[in-house]
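Engineer: Residues per chain, in single letters:
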Amino acid sequence: KNEVEQSPQNLTAQEGEFITINCSYSVGISALHWLQQHPGGGIVSLFMLSSGKKKHGRLIATINIQEKHSSLHITASHPRDSAVYICAVRRTASGSRLTFGEGTQLTVNP
Amino acid sequence: NAGVTQTPKFQVLKTGQSMTLQCAQDMNHEYMSWYRQDPGMGLRLIHYSVGAGITDQGEVPNGYNVSRSTTEDFPLRLLSAAPSQTSVYFCASSSDRTGPYEQYFGPGTRLTVT
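Chains as they are written, first to last, in the numbering used here: chain A, 1 to 110; chain B, 111 to 224.
Quick caveat, the hints were computed from the structure, so don't treat them as lab data.
Please read these numbers as outputs of a predicted model, since none were measured by experiment.
Check before you lean on any hint, since a few could be wrong.
Which bits of chain A does chain B cover? Going by a derived footprint, with three or more residues having C-beta under 8 Å, they are [unchecked claim]:
| hint | segment |
| --- | --- |
| 1 | 35-46 |
| 2 | 93-101 |
Derived list of chain B stretches under chain A, where covered just means 3 residues or more per stretch with a C-beta under 8 Å from a C-beta of chain A [stated by the list, open to error]:
| hint | segment |
| --- | --- |
| 3 | 148-157 |
| 4 | 175-186 |
| 5 | 189-197 |
Glycine is no exception: its CB is placed at the ideal position from the N, C-alpha and C atoms.
Based on the sequences and whatever the hints tell you, model everything.
Structural biologist: See below:
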């Protein structure tokens with residue numbers, strides 16, 4: 001079993017829908033990252049969380065440390081949100097090293 | 111700032127050839143890492159560095175060497191390329207000085223070994 005599991009693996013939505021991507025992990029962590037990989041391949045950091053909730057524009061990320069679970073929400077989805085969304089955790093005492101989930105391929109249709 | 115740069119963007123090698131993937135960052139980050147990305151798998155750590163002169167192995171280090179002679183540069187060497195090393199390679203940097211460990215990724219190098 002992977003230490004970081006994402007669901008769903010693939011997600012297709014219609015423009016305007018509310019989207020949720022889930023991440024569960026099985027190790028102790030000091031932080032959790034959400035990353036976005038564009039169709040061209042570039043990877044950008046969206047959020048870094050150690051507790052609670054963060055919001056940036058239409059994106060919201062939450063984490064429940066006790067349940068070892070995080071969610072990434074996209075409100076009012078748009079075709080430009082189509083990308084792979086990757087969850088990664090920084091294990092306790094691992095310094096800057098990350099362990100990654102396999103990613104969720106999101107396609108938003110107009 | 112250019113951020114994290116990688117060269118080349120694409121490379122085709124024959125089995126047994128060697129090459130170096132270049133990575134540089136201009137943000138004075140102390141941490142740098144190399145990852146490979148394969149279909150159906152998450153990014154996996156090859157090697158990482160916590161500062162100039164200090165490197166260590168990640169999950170999948172076999173067949174790769176690294177060195178870190180300066181803060182800016184972190185080249186990845188393939189000693190004798192094998193088809194199993196066909197992958198997309200990403201370099202990343204981070205710092206706990208400017209904000210704890212936010213990762214900055216390079217654009218990636220797509221390597222094919224025939």
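Engineer: Against each hint, give a clear statement of whether it holds in the structure.
Structural biologist: Hint check:
no.: 1; hint: 35-46; result: holds (count 6)
no.: 2; hint: 93-101; result: holds (count 7)
no.: 3; hint: 148-157; result: holds (count 6)
no.: 4; hint: 175-186; result: violated (count 0)
no.: 5; hint: 189-197; result: violated (count 0)
Violation of the numbered hints given earlier is confined to hints 4 and 5; the remaining hints are satisfied by the structure.
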